[in-house]
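Q: Throw the hints in and build the complete structure from the sequences for me.
Here is how the chains run, residue by residue.
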Amino acid sequence: DTGVSQDPRHKITKRGQNVTFRCDPISEHNRLYWYRQTLGQGPEFLTYFQNEAQLEKSRLLSDRFSAERPKGSFSTLEIQRTEQGDSAMYLCASSLYQGSVGNIQYFGAGTRLSVL
Amino acid sequence: DQQVKQNSPSLSVQEGRISILNCDYTNSMFDYFLWYKKYPAEGPTFLISISSIKDKNEDGRFTVFLNKSAKHLSLHIVPSQPGDSAVYFCAASERIQGAQKLVFGQGTRLTINP
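Protein chains in written order, with the numbering used here: chain A, 1 to 116; chain B, 1 to 114.
Think of the hints as simulated: they come from the structure by calculation, not from any bench.
For clarity, every value in this text was computed on a predicted model and none was experimentally measured.
Glycine included, C-beta positions come from ideal geometry on N, C-alpha and C.
Mixed in with the good hints, there may be bad ones.
A few chain B residues that don't get close to chain A, going by computed Cβ distances all over 10 Å [to be verified]:
hint : residue
1    : N7
2    : L11
3    : S28
4    : R61
5    : Q81
6    : G98
Beta-carbon label-pair distances, calculated as ranges [to be verified]:
hint : chain 1 : residue 1 : chain 2 : residue 2 : range
7    : A       : N51       : B       : S10       : 38 to 48 Å
8    : A       : S58       : B       : N67       : 20 to 30 Å
9    : B       : T26       : A       : S58       : 15 to 25 Å
10   : B       : T45       : A       : K14       : 45 to 55 Å
11   : A       : D63       : B       : R61       : 24 to 34 Å
12   : B       : D1        : A       : K57       : 17 to 27 Å
13   : A       : E78       : B       : V78       : 43 to 53 Å
14   : A       : R15       : B       : I18       : 27 to 37 Å
15   : B       : S69       : A       : T2        : 40 to 50 Å
16   : A       : S27       : B       : Y39       : 37 to 47 Å
17   : A       : T20       : B       : K68       : 24 to 34 Å
18   : A       : R15       : B       : D55       : 22 to 32 Å
19   : B       : T45       : A       : S66       : 27 to 37 Å
Covered by chain B, according to a simulated footprint, are these stretches of chain A (three or more residues, beta-carbon under 8 Å) [unchecked claim]:
hint : region
20   : 22-29
21   : 70-83
22   : 103-116
A: Below is the structure:
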């Protein structure tokens with residue numbers, strides 16, 4: 001196992017279409033996170049799963065966004081009725097609690113979404 | 001409001017010299033601080049972290065210093081190498097249910113000149 005995998009790497013869509021991204025975490029990691037990064041900014045937290053349970057959601061995650069992690073393995077992030085403002089890099093990260101070293105999160109390469 | 005700030009968008013350093021990247025934060029509840037490095041077309045890669053109860057952590061060429069009273073941390077890279085050229089993100093860890101979410105700064109692009 002080599003790390004967090006995200007698919008697709010790039011997605012171009014028209015405004016109003018639905019898109020779905022997939023994240024495969026590091027196999028033994030039970031925590032999975034989604035972040036969004038726009039140009040010139042650092043990643044911003046969107047949501048978090050512990051196993052299959054979605055335990056935290058950011059106010060950034062509007063009703064058009066939904067995330068799932070069935071069976072606590074891979075996760076999907078769906079955006080419905082995309083808007084141009086959704087154009088960003090969507091990053092997935094996973095972690096395994098490591099006590100004193102503070103829960104290091106390991107990131108995938110991201111999915112770059114462009115909404116035309 | 002920006003809870004984690006990296007005020008220098010870019011930094012240029014000569015190979016072999018010391019690179020110092022700075023980060024300021026506002027939330028005193030952050031319990032860990034991390035530095036990530038990012039190359040183009042890749043995700044952020046963990047570099048080094050420090051607990052809020054410590055003031056220094058060292059790993060090879062990388063040292064992170066934390067000044068809690070000033071709410072300031074810095075990353076020192078010495079000696080700097082061309083492969084260190086990347087965007088560096090400072091991140092602060094905030095507890096959420098059963099885990100921690102990261103709050104990132106805007107990043108500093110480091111260029112190491114031969």
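Q: Of the numbered hints stated previously, which ones are contradicted by the structure, given in increasing order?
A: 6, 10, 11, 14, 16, 17, 18, 20, 21
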